[in-house]
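Visitor: Letter by letter, the chains look like this.
Protein chains: 2
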Amino acid sequence: MALTEVSSNKMFGGYQKVFSHESKEVKCTMKFGIFLPPQAENGKCPILYWLSGLTCTEQNFVTKAGAQRVAAELGFVVVAPDTSPRGCNIEGEEDGWDFGTGAGFYVNATQEKWKTNYRMYSYVTEELPALINANFPVLGDKQGIFGHSMGGHGALICALKNPGKYLSVSAFAPICNPVNCPWGKKAFSGYLGDNQEDWKEYDACCLVKKYNGPPLKILVDQGKADNFLPAGQLLPDNFVTACAEAKMELVMRMQEGYDHSYYFMATFMEDHVRHHAKFLK
Amino acid sequence: MALTEVSSNKMFGGYQKVFSHESKEVKCTMKFGIFLPPQAENGKCPILYWLSGLTCTEQNFVTKAGAQRVAAELGFVVVAPDTSPRGCNIEGEEDGWDFGTGAGFYVNATQEKWKTNYRMYSYVTEELPALINANFPVLGDKQGIFGHSMGGHGALICALKNPGKYLSVSAFAPICNPVNCPWGKKAFSGYLGDNQEDWKEYDACCLVKKYNGPPLKILVDQGKADNFLPAGQLLPDNFVTACAEAKMELVMRMQEGYDHSYYFMATFMEDHVRHHAKFLK
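So the protein lines, in turn, are chains A and B.
Going by our numbering, 204 is the number at position 204 of the first sequence; the sequence numbering is gapless.
Just so we're on the same page, our numbering is the position in the second sequence counted from 1, plus 1000.
By construction, these hints were calculated from the structure, which means they are not laboratory data.
Given the structure is predicted, the values throughout are model-derived calculations rather than measurements.
There may be inaccurate statements among the hints.
Restraint ranges, calculated between C-beta atoms of paired labels, are given here [to be verified]:
1) 1137/B with 225/A: 14 to 24 Å
2) 55/A with 1089/B: 44 to 54 Å
3) 1006/B with 252/A: 27 to 37 Å
Don't be surprised by glycine CBs; every beta carbon is placed ideally from N, CA and C.
Model the full assembly from the supplied sequences, consistent with the hints where possible.
Guide: Here it is as structure tokens:
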């Protein structure tokens, strides 16, 4: 699998790069951002995967989150993929901002129109890590995962569905219970069809109850002034309840006055990277 | 002068806001970003003015520079204006990315087409500070100024033309000697006309030789891999020479491998804010 370097910028002594490649899973050209810390010049580094939210590309995290400073200090490679296939010419893929392009929801679609390309779950858990491990100085057995909103949902399900694969997980304002929120119902019915039992395979509240792997300690930050909280899109209380029932260790921090934006994420990004460092260093 | 709040996002315990207002100097609606640190809730804070480069709006600094974290720690209000008037319907204002819209160059134009609106020098040194001092909890006598590229040029000339007004000044990859570079020649001939003696009133290398005010200590960071360096747009060597002749204290740091982007600026932003703190705290 050949990688094409799209851009490279020195930053905090390391390099923030963007690559493109032809993806076998999603059958189109995909881009990802990768921060290579200065430590990567002399040895292999742990990896953090970041999954972005609705409407994002690989650029939003790279440009706005401010994670590179702490990643450079601690010696993390940080990989930020795009949020969906692009330009697949599927009828309806551009019709909404919360379904189709920019809204892959990190699931493998089963429905006819979408199942060929919309395989973001396999892309982020299998194809992309194999590509990263083969091409960069990383410790493939030291992986953490985190994300925001739709990508927070993605981070939680990737960790919960793959016991032991990710040693650490955290999320900013994640969609915690997609089977019960408007965004999730729209996406899952479109990608996965009408059988709601199938949806549960990609729902953090459902998955945490089935989790049977090494202990995880999940960190979640949620802004109290997030518009999508009263809109019932995020449902963090349901995840608190589900984790309590499952005896999963969860720190859910409700942050007074913060909204759903990258300003919120930049504020607490250092805390999250240091949280991952407890398990990956 | 009424201010309209365009956006407000909590960040690092303070607020990143954007306001719009009707400007008397440039005779159109202008926007600026302002970061209010947590300390601004209980008292008045020193102010840092940030001047952005070609093609930027107030958004670039606010989104990408990562200054708010250190400003929140040290208690600085940070103000980032737009780089030019907008939508004035001047013939030719949209013809190039390096002249007209997004390229005000922080001068007061004297040429017929431009002189009504293109008064960015008076806007950033007089009108905007008066507006900030009247509407926000700031210490109006504790001002610093910094910027990037065209805005680095702006920061240098604002400090050098107004002895004592700005207690501190720094720049990232500034246009140091606009009378001798292609960007400067195009902008100054357009805004100021053919008499090159008039241009010298807005050239850092010329102004530093005339400076006769309180001591300044100027910090400049310049990436060695900046494309605009070999293109002869920035001419930092000329500023080093001019400062040496004028006995102006200058720290010019040539940063190996860094380019002209916000990735470069984010890397050294903390150093610059702490540089200003030496003089403003």
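Visitor: Next, verify each hint and record whether it holds.
Guide: Against the structure, the hints come out as follows:
1. 1137/B with 225/A: 14 to 24 Å: holds, 22 Å
2. 55/A with 1089/B: 44 to 54 Å: violated, 33 Å
3. 1006/B with 252/A: 27 to 37 Å: holds, 32 Å
Of the numbered hints listed earlier, the single one contradicted by the structure is hint 2.
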